[in-house]
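Participant: If you're matching them up, the sequences are chains A and B in order.
Residue numbers for the first sequence follow the numbering used here, so the first one is 1 and each next one is one higher.
Residue numbers for the second sequence follow the numbering used here, so the first one is 1 and each next one is one higher.
Do not take every clue at face value.
To be verified - Where chain B lies over chain A, by a calculated footprint (3+ residues, C-beta under 8 Å):
hint : segment
1    : 13-22
2    : 36-49
Stated by the list, open to error - A few chain A residues that face chain B, going by a derived Cβ cut-off under 8 Å, partial list only:
hint : residue
3    : L87
4    : K99
5    : L100
6    : T101
No wet-lab data here; the hints were simulated from the structure.
Remember, it's a predicted structure, so these values are computed and weren't measured experimentally.
Every residue, glycine too, gets a C-beta built ideally from N, C-alpha and C.
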Amino acid sequence: GQNIDQPTEMTATEGAIVQINCTYQTSGFNGLFWYQQHAGEAPTFLSYNVLDGLEEKGRFSSFLSRSKGYSYLLLKELQMKDSASYLCAVRTNTGTASKLTFGTGTRLQVTL
Amino acid sequence: GAGVSQSPSNKVTEKGKDVELRCDPISGHTALYWYRQSLGQGLEFLIYFQGNSAPDKSGLPSDRFSAERTGGSVSTLTIQRTQQEDSAVYLCASSFEDRGRSFYEQYFGPGTRLTVT
Numbered sequence: 001g002q003n004i005d006q007p008t009e010m011t012a013t014e015g016a017i018v019q020i021n022c023t024y025q026t027s028g029f030n031g032l033f034w035y036q037q038h039a040g041e042a043p044t045f046l047s048y049n050v051l052d053g054l055e056e057k058g059r060f061s062s063f064l065s066r067s068k069g070y071s072y073l074l075l076k077e078l079q080m081k082d083s084a085s086y087l088c089a090v091r092t093n094t095g096t097a098s099k100l101t102f103g104t105g106t107r108l109q110v111t112l
Numbered sequence: 001g002a003g004v005s006q007s008p009s010n011k012v013t014e015k016g017k018d019v020e021l022r023c024d025p026i027s028g029h030t031a032l033y034w035y036r037q038s039l040g041q042g043l044e045f046l047i048y049f050q051g052n053s054a055p056d057k058s059g060l061p062s063d064r065f066s067a068e069r070t071g072g073s074v075s076t077l078t079i080q081r082t083q084q085e086d087s088a089v090y091l092c093a094s095s096f097e098d099r100g101r102s103f104y105e106q107y108f109g110p111g112t113r114l115t116v117t
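Model the full assembly from the supplied sequences, consistent with the hints where possible.
Facilitator: Below, the structure written as structure tokens:
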């Protein structure tokens, strides 16, 4: 099976930088996704990593180390609207199919 | 439509009743997923449809749960003899999955909030 761990809650100040970590143990790894989910809303895609290294997209960056089973999401210049849950999800191959397994999410609170 | 739609948005039902939840994926998307999210929890995978292949039902929690996808488009998730522990938000997602591509994100619908009383 898959095991995905991320912190339950984090708090950061507007304008600051925050790093949300995700560790995973899985077989058939085929990529890691980060999704953002505001309260009461559906998750929306943020980033995807399948090779080691850093992917940057505006204020958001995501890093992956496959050998360590580790990823992080980096949010820069935090804004109040970034208060949300951030879900780490690992894609695994199951025969001819693939599926995403989600972590429980990290609830980020951005304060003034 | 422009995105994934789900109906109803909210459903309150009595314990023991059957419910049907509907998902309309993005037109042209080959894959469709159902997830369940309980309060304060992550997304729990339920079932996955990809093209004409047999669905991956490995996440269905019991034989009270079933799903079908008609014509490769609309999907219905059915829960028979509902229990209080079935109360959750049921999310549907679709994606265009092509073996020639390495990356395909899932687009989520707004979900159906199911409450079993």
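Participant: Look at each hint and say if it fits the structure.
Facilitator: Here's how the hints hold up against the structure:
1. 13-22: violated (count 0)
2. 36-49: holds (count 6)
3. L87: Interface hint status for A:L87: holds (6 Å vs cutoff 8 Å).
4. K99: Holds, because the Cβ-Cβ distance from A:K99 to chain B comes to roughly 5 Å (cut-off 8 Å).
5. L100: holds, 7 Å
6. T101: A:T101 check passes; min Cβ-Cβ to chain B is 6 Å, inside 8 Å.
The earlier numbered hint that this structure contradicts is number 1, and it is the only one.
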